[in-house]
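A.B. asks: Given the sequences, and given the hints that come with them, work out the whole structure.
Protein chains: 2
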Amino acid sequence: MAQRNTWQRERVREALSDARGFVSAQTLHATLRDENTGIGLATVYRALSGLAASGDADSLQSPEGEALYRACSTEGHHHHLICRSCGLTVEIEAKDVEAWAQRTAALHGFSEAEHVVDIFGLCTPCAKKRAGAEGAA
Amino acid sequence: MAQRNTWQRERVREALSDARGFVSAQTLHATLRDENTGIGLATVYRALSGLAASGDADSLQSPEGEALYRACSTEGHHHHLICRSCGLTVEIEAKDVEAWAQRTAALHGFSEAEHVVDIFGLCTPCAKKRAGAEGAA
DNA sequence: CTCGTGTTGAGAATGGTTATCATTAGCGTG
DNA sequence: CACGCTAATGATAACCATTCTCAACACGAG
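Protein chains in written order, with the numbering used here: chain F, 191 to 327; chain D, 191 to 327.
These are computed hints drawn from the structure, not numbers from a lab.
Only true hints are included.
One copy or two, it doesn't matter: identical chains are merged, so the pair holds either way.
Computed cross-link-like contacts, EDC-like style, restricted to lysine to aspartate or glutamate with a CA-CA straight-line distance of at most 20 Å:
no., residue 1, residue 2
1, K285, D308
2, K319, E302
3, K285, E302
4, K285, D248
5, K318, E302
6, K318, E304
No experiment lies behind these values; they were computed from the predicted model shown.
C.D. replies: Pasting the structure below:
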């Protein structure tokens with residue numbers, strides 16, 4: 191028996207799904223604590239890395255060095271389009287880029303190529319908000 | 191007078207150039223220490239972030255959450271092909287990917303798109319080494 | 001040479017992540 | 001249903017990279 195079902199793991203999975211974008215383990219833990227669950231920080235980390243390992247979640251490093259996680263609907267390999275203002279995330283496919291990455295790696299004698307391709311930008315609502323708040327700076 | 195010339199900063203710049211790929215601040219500090227220079231860790235960090243800020247170095251987050259730096263010859267926007275074993279790094283251009291990123295972002299209503307495109311793999315020497323050491327596992 | 005101030009360096013502080021370990025609780029079994 | 005094995009939990013300590021603090025120092029102008 192390698193894996194047991196615990197409400198904690200379930201809660202982490204839920205919380206991750208509820209979040210519209212990437213969230214840090216710390217934030218997730220805080221959120222779960224607010225919901226009266228006395229879940230432990232270590233457990234959140236464990237659940238999170240478990241989800242990431244099993245492909246149910248994606249993880250990336252924020253520029254500040256924090257690990258961010260997000261529930262992933264798409265099973266296979268994919269990339270993200272992330273709003274740098276509100277965190278909204280869109281999963282995108284990039285077959286062309288996949289091919290290009292493999293080709294480029296091979297061209298330089300690299301094997302077992304993996305790649306990181308993420309686009310950061312401003313989603314329409316945030317772009318509008320920012321344009322409106324311009325004078326406030 | 192905003193900036194003074196110190197041998198420490200020069201050493202950091204040199205060490206960064208000597209490294210063939212991305213190196214962590216810790217590694218760089220250790221290297222400089224080995225060269226009999228009694229340089230301080232804090233100084234290395236300071237010099238490194240300075241170089242990164244002035245565009246003389248590139249920085250990225252390793253999967254382990256460490257910040258890695260590399261001296262960058264190319265001024266403009268570019269990407270990296272990195273050996274995950276020895277750290278060897280090749281700078282690559284990806285005009286097609288640039289275009290694709292912009293297009294994709296626009297398609298989803300995102301503006302001010304920036305992107306992160308890096309390929310991690312095994313360079314030929316490392317791939318061979320690894321194949322030879324297979325039985326050791 | 002002398003002074004002012006940016007810089008340095010050792011160590012403390014910070015903050016995220018992982019390990020430790022006693023306790024708890026799934027879950028298959030009898 | 002009760003029992004027991006063992007994975008999972010959670011409080012806390014340990015870790016590690018990075019940043020901050022601050023007194024001593026050295027660059028460089030006058």
